[in-house]
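Peer 1: Start from the sequences and build out the full structure, keeping to the hints where you can.
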Amino acid sequence: MALGTISEIDRELARRRIDPGSGEPIQRTSVMTHVAWVPTQWVEAAEDVLTGLADRHPSRTIVLVPDPDAEDGLEANAEVTSYPTGQGRMVCVETIRVRLSGSRAEVPASVVQPLLLPDLPVFLRWRGLPPFGERPFEELVDVVDRLIVDSTEWPDLPAPYAQLAEIFDRVVVSDIAWARTSRWRPQLASLWPGIEDVQTIQVTGTEAQANLLAGWLRSRLGHEVALGHEPSDRLAGVKVDGQPAPFPPGDRPDPADLLSDELDRVTRDRVYEEAVRAAAA
Amino acid sequence: MTETAEPQQENPLLEGLGLRRAPDPCALVIFGASGDLTRRKLFPALYSLAMRHMLPERFAVVGVARSEETDDEFRERMKEAVQEFGRDQFKEDVWDWLAEGMRYVSTDFADEGGEDRVVEALNELDEQRGTAGNRVYYLAVPPDAIATLIQEIGERRSTEGWTRVIVEKPFGRDLTSAQALNVEIGRHFDESEIFRIDHYLGKETVQNLLALRFANGIFEPIWNRQFVDHVQITVAESIGIEGRSGFYEQAGAIRDVFQNHLLQLVALTAMEPPIDFTADSVRNEKVKVLRALHTPGPKHVVRGQYGRGFVEGVEVPGYREEEGVAPDSLTETYVAAKLYVDNWRWADTPFYVRAGKRLARRETTIAIEFKRAPHPPFEITDDEGLRPNVLVCHIQPDEGVSLEFAAKMPGQGMTLRTVHMDFLYGGAFRTGIPEAYERLLLDCFLGDTTLFTRADEVEEQWSLVDAMVAFWKRDKPTFPNYAAGTWGPAAADDLTRRDGRTWRRR
Chain B
1 MALGTISEID RELARRRIDP GSGEPIQRTS VMTHVAWVPT QWVEAAEDVL
51 TGLADRHPSR TIVLVPDPDA EDGLEANAEV TSYPTGQGRM VCVETIRVRL
101 SGSRAEVPAS VVQPLLLPDL PVFLRWRGLP PFGERPFEEL VDVVDRLIVD
151 STEWPDLPAP YAQLAEIFDR VVVSDIAWAR TSRWRPQLAS LWPGIEDVQT
201 IQVTGTEAQA NLLAGWLRSR LGHEVALGHE PSDRLAGVKV DGQPAPFPPG
251 DRPDPADLLS DELDRVTRDR VYEEAVRAAA A
Chain S
1 MTETAEPQQE NPLLEGLGLR RAPDPCALVI FGASGDLTRR KLFPALYSLA
51 MRHMLPERFA VVGVARSEET DDEFRERMKE AVQEFGRDQF KEDVWDWLAE
101 GMRYVSTDFA DEGGEDRVVE ALNELDEQRG TAGNRVYYLA VPPDAIATLI
151 QEIGERRSTE GWTRVIVEKP FGRDLTSAQA LNVEIGRHFD ESEIFRIDHY
201 LGKETVQNLL ALRFANGIFE PIWNRQFVDH VQITVAESIG IEGRSGFYEQ
251 AGAIRDVFQN HLLQLVALTA MEPPIDFTAD SVRNEKVKVL RALHTPGPKH
301 VVRGQYGRGF VEGVEVPGYR EEEGVAPDSL TETYVAAKLY VDNWRWADTP
351 FYVRAGKRLA RRETTIAIEF KRAPHPPFEI TDDEGLRPNV LVCHIQPDEG
401 VSLEFAAKMP GQGMTLRTVH MDFLYGGAFR TGIPEAYERL LLDCFLGDTT
451 LFTRADEVEE QWSLVDAMVA FWKRDKPTFP NYAAGTWGPA AADDLTRRDG
501 RTWRRR
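If you're matching them up, the sequences are chains B and S in order.
Take 1 as the starting number for the first sequence in this note's numbering and just add one per residue.
Take 1 as the starting number for the second sequence in this note's numbering and just add one per residue.
Hints listed in this document are in silico derivations from the structure and should not be mistaken for laboratory results.
One should not assume that every hint holds.
[Said to hold, decoys possible] Partner residues are not named here, just some residues of chain B that face chain S (Cβ under 10 Å, in silico):
#	residue
1	Q27
2	L188
3	D269
For each residue, glycine too, the CB sits at the ideal point set by N, CA and C.
Peer 2: This is the structure in structure tokens:
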């Protein structure tokens with residue numbers, strides 16, 4: 001049944017928190033509110049990630065699906081998913097999916113704010129390139145503690161990094177593309193001091209990974225590092241002045257792992273911010 | 001281009017990587033490699049660390065025990081142990097990496113030539129695996145073998161690299177033997193090289209007690225005699241002695257659990273905030289508590305021994321019927337005491353503590369019971385009435401913290417009920433909880449002694465236990481005095497009842 005108001009969503013959540021078998025309330029546990037802005041074309045990918053996430057970060061997830069071309073309206077459904085704690089008890093997490101149609105898509109903060117869990121951090125996952133300067137994005141940035149993007153999803157890199165850098169003082173930013181380079185950065189760091197005067201870096205990976213790694217080296221080493229990029233859908237290799245860097249150990253993390261790791265962080269990542277600025281320069 | 005991990009401080013690329021300090025290359029030598037601890041705990045812990053790339057890149061393990069075994073047989077036996085007891089999915093490539101650096105030396109600990117063979121194996125591994133002369137010796141051996149081993153190891157310690165030694169509990173069997181052992185170890189090793197292990201300190205939930213107390217503004221101001229009525233600490237096991245009669249007949253509950261795990265929990269509960277989380281700061285505060293513990297008189301100590309009974313619906317034998325136990329054994333399988341910490345914070349606040357085997361359920365908890373509300377303005381209409389608030393730290397199982405408080409039942413009038421507000425580790429953090437031995441082994445490889453017991457702590461613990469045991473020599477208890485599967489002897493209930501209190505029941 002579609003829910004049309006915040007009160008209806010609240011009532012539905014309260015109803016679903018009762019175990020239908022025993023009639024007893026299921027324990028609710030929450031460490032954050034996770035807001036996801038998911039334009040229609042990203043819905044499928046976002047659902048996959050959310051499935052992997054719910055079990056690891058007990059939270060209230062609010063999935064906002066904007067549909068600005070439709071007639072004005074709000075249509076929501078609420079789910080409560082229980083899972084065992086391993087000690088014979090169940091705990092539940094909540095997912096609220098809201099379709100914001102017509103003009104409602106322009107003012108998402110007024111829908112999100114009454115649904116936030118009090119006093120817990122709020123994370124906003126924005127799928128695709130954020131419309132910097134536009135109302136929906138600007139409104140949500142102002143109500144969340146941390147913005148999570150994946151610059152791999154962005155066209156025309158590295159130009160958008162300059163706009164991203166402008167919001168660093170307003171909200172803490174995480175970039176999953178940056179997280180995907182996390183296994184490689186220690187490998188490159190291990191080449192110190194031989195890497196100190198590196199002139200070129202050749203990255204086989206996504207455009208975002210290549211730009212961010214180059215930006216990272218430039219900002220950390222304090223000099224220009226030329227970037228060569230060989231496109232690949234994954235970070236498959238890095239050469240420093242023509243020499244291959246050692247391949248990192250361990251398995252490549254899956255998208256849910258990457259988002260999950262970002263949800264564990266709450267502080268500002270200055271190294272990332274400087275890498276972004278250097279990538280955009 | 002050269003590849004090197006040095007020098008970390010000058011490397012700008014390391015900033016923000018959030019890397020843990022990497023342990024130096026080293027070889028771990030496990031004395032007692034054929035024992036249960038190695039199989040159930042140490043190798044599963046090493047595997048989990050290897051899986052997470054937390055072991056040194058250049059690492060080796062030498063197993064040492066009396067039983068004859070080849071390197072390959074040792075590897076195979078440990079592989080099965082990891083598959084059976086490990087918390088992670090078994091991955092061949094991770095195991096192969098670990099197994100490549102494994103060796104086995106069969107020797108009697110008293111055999112001098114045997115120790116030389118261990119040194120030969122280590123020297124070979126330095127060459128083959130690049131372990132750089134760094135050694136960790138894990139003494140998972142009976143207490144009477146420790147002094148000899150320490151001497152053998154001390155006399156042969158590597159001239160290159162560092163040497164550390166991990167000593168399993170029990171550390172001695174009384175104050176005199178513990179002091180003698182400390183002197184013997186001190187002859188060969190500095191305190192910073194000695195890691196007296198009490199695996200309780202490696203438990204996440206025990207460390208969380210420090211987080212709960214010192215990272216939250218709301219608990220510490222009321223964590224004292226003004227607001228706390230009393231503290232209850234329970235270390236209960238539902239299992240029996242599991243075939244360890246030789247050890248247990250000598251140790252009993254007081255040396256097996258009370259002297260170490262239980263007193264450490266008392267120290268962590270009662271300690272003052274350390275100025276930082278370094279080894280000496282934390283241990284200084286713990287030892288102050290242990291020094292402040294008032295020796296309980298005989299009326300404040302209860303010992304017990306289980307008789308036949310039922311655990312989880314299954315009939316189990318009494319302690320004296322266990323294999324290898326004397327039919328007239330006076331070894332205690334239960335001990336409870338009322339302790340006082342004689343200091344400004346805790347004066348006159350009782351700490352009721354108990355530890356035992358074959359109790360009703362496995363449970364380790366620390367319960368802080370606060371004083372009652374001074375003047376509830378309600379008419380209490382049922383037996384439940386207004387119960388005091390209790391903050392319970394569940395060390396195991398159901399790891400977490402719960403707070404009991406009164407709430408109004410819906411409806412007319414003012415009927416109150418006690419409700420629980422629970423924080424469950426498994427609910428809030430969905431990552432697996434690392435085993436205590438993972439944390440402790442890694443800390444030792446990193447040279448961090450914070451979660452290990454210092455010489456003066458061990459001696460203070462024995463000092464209290466010796467004083468308690470001294471009273472026991474004067475009387476002969478009537479054992480068994482509690483049935484397996486119950487919460488211990490009736491006299492333990494009297495211990496709290498005399499003060500108008502009761503043990504917590506779940």
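Peer 1: Decide, hint by hint, whether the structure agrees.
Peer 2: How the hints compare with the structure:
1. Contact between Q27(B) and chain S, as hinted, is supported at the beta carbon level, the nearest pair being about 7 Å apart and thus within 10 Å.
2. Given the 10 Å rule on beta carbons, the hint for L188(B) holds: about 6 Å separates it from the nearest Cβ of chain S.
3. Because the closest C-beta pair between D269(B) and chain S is about 6 Å apart, less than 10 Å, the hint holds.
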